[in-house]
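S.K.: Residue numbers (UniProt numbering), protein chains in the order written: chain A, 1 to 349; chain B, 1 to 349.
All the given hints hold, so there is nothing to weed out.
Where chains are identical, the list cannot tell them apart; a pair therefore holds if satisfied intra-copy or between any two copies.
When the alpha-carbon atoms are kept at most 27 Å apart in a straight line, the in silico DSSO-like pairs for lysine-lysine are as follows:
#	residue 1	residue 2
1	Lys5	Lys35
2	Lys300	Lys29
3	Lys271	Lys211
4	Lys316	Lys152
5	Lys197	Lys271
6	Lys151	Lys316
7	Lys147	Lys316
8	Lys211	Lys316
What the hints contain is simulated information worked out from the structure, not anything from laboratory work.
Protein chains: 2
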Amino acid sequence: MEQKKGFHVAVLGATGAVGQQMIQSLEKKDFPISKLTLLSSARSAGSTVRYKGEELTVQEATSESFANVDIALFSAGGSVSKEFAHYAVAHGAIVVDNTSAFRMDENVPLVVPEVNEEDIHNHKGIIANPNCSTIQMVVALEPIRQKFGLKKVIVSTYQAVSGSGAAAVEELQEQTKAILNEEPYEPAILPVKGDKKHYQIAFNAIPQIDKFVENGFTFEEMKMINETKKIMHLPELQVAATCVRLPIATGHSESIYFEVNDEGISSHEIKELLKDAPGIVLQDDPENQIYPMPADCVGKSDVFVGRIRNDLDNSKGFHMWVVSDNLLKGAAWNSVQIAESLINLGLVR
Amino acid sequence: MEQKKGFHVAVLGATGAVGQQMIQSLEKKDFPISKLTLLSSARSAGSTVRYKGEELTVQEATSESFANVDIALFSAGGSVSKEFAHYAVAHGAIVVDNTSAFRMDENVPLVVPEVNEEDIHNHKGIIANPNCSTIQMVVALEPIRQKFGLKKVIVSTYQAVSGSGAAAVEELQEQTKAILNEEPYEPAILPVKGDKKHYQIAFNAIPQIDKFVENGFTFEEMKMINETKKIMHLPELQVAATCVRLPIATGHSESIYFEVNDEGISSHEIKELLKDAPGIVLQDDPENQIYPMPADCVGKSDVFVGRIRNDLDNSKGFHMWVVSDNLLKGAAWNSVQIAESLINLGLVR
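Just chain A, with the same shape it has in the complex (with noise of 0.2 Å):
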């Protein structure tokens, strides 16, 4: 099959704050398009974005944005995603939703091309990118379930606020400068806009992410418990999250306990593992202090592991720091990646 030189590319959701990142992950990855368009909520339309030194007018989207569109980037809320899904799929345009409003539809393909870019082959006009904090435990957990097999596995994260949107950013900005110069400061976004109360975010740590279930557990801890299953094909695995907001501005991080189903591994042959695994960078060398953290990984693509060791009861057991930036592989640059995919298994016409 002969493959097109470009590709007509449209961004639903191009000015909020993984809109952005996912042009600015299109323009670095030097992505093959021919034309791009860049569509928003009424409200937006008309601001322009710079794309490879141009400048790119936003217009609203509508039923017909999406004529001649080879592939679609969602990023507009899951409640715009399924108003103009269908749209775009019914233009002959694939759809890679970085929403949750598909995530858990079985006629819906959660990729993470690392993990499981074969499951694109099955998609039916949509692809759904998964929840941020889902992809980077998946990238550093499939290795290891290739290898030794995968049991358990049980999360604590530490998640910034700008999985909440460029105005939880600002927030928690404000906030600092308010609390820092004893001012008074009314919280209006986190934990969730939505939701009846808000709490200061500055200095504490709010052990909600998105709205509760009746099980006890959030909604992001269930996104990271289904999610994993998923995109794993580990519907027997045991997964349980516990996910907190915390003052950083971009990057998540993950302590990890998890289990093998293999005897007898140690620390170094999983280190051994992850230092080539696709995706990954290892940065683990206590002895002289080296591990990932947030402040680190801004604005890089990769996913960093590191603390890596044994569990002390468990000879199935072993703990690990995982962070990654949120917005970019835990959003935009998983997005162009599976669009990538698209192009590379010959999927776009």
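Start from chain A and add chain B according to the hints.
M.R.: Just chain B, lined up with the frame of chain A:
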């Protein structure tokens, strides 16, 4: 036995972050004091500290400082404790030591009064106050151990910088200001003052508290593991910890996974149990976004517990979120509680 009306209490490290809180805790509890002797290094000697409206002058600690002292509260670092504890004991004082110097010494009880007050009877002059992150965890776990048995604990911590002393709090504040003003700042204290490298703490997460041990864990993590087993009298308990320093001034949080021995326990039963347990305030109402947060715990002496929920895979597994003021229940308050227990148990001459 007739009880004295008041005791001669000495505080060694009176000008430090924890020492200051010890003096405030003595005042808040209206501790029966006939004389209060405040001690420090030569460097801080001569400064004054307010106690019950009086300005007391801090004296340089010497081998003779403990004459006629009944109870000596130590919080001036492990090497200072090792230097002065035997002088204090030789003078007949009972030392309550808030450093790691004697915690794992089999002749030294390691005490959290809500958990193992009876161990105080075995003291030979020194009683150790556990590590801050250990104390709040065992207070929350002990009622569960008593009623349902305890098999396994996996904890990830979210620790405040005041655990590293007042200078670390200042570093967080100054560094945060510098970053908000886009000014340069050279980290000099955190994660560990005496270690080779120092990293940005503002808007960051550092997965290192104290130096590293050969097994890949840090000393802080090994303290949590070993001290928990000792305090709870559970040498066979499976415990693992990952300790992380965060841009929070005061208030440690912990994401704790634990497994009980009994089958068929519900999270509701755990909540009912902890609601009335000593030293614990239950804040667990997800529907109304009620859960503990460090910003709310500052200045309070309780251990706050919330987000209690059954694990979704292991019927004996649970998750919970535990928060406490690391300078109070984690240090000063617990030390003063031990001193109170000494009096209540009739162990002070």
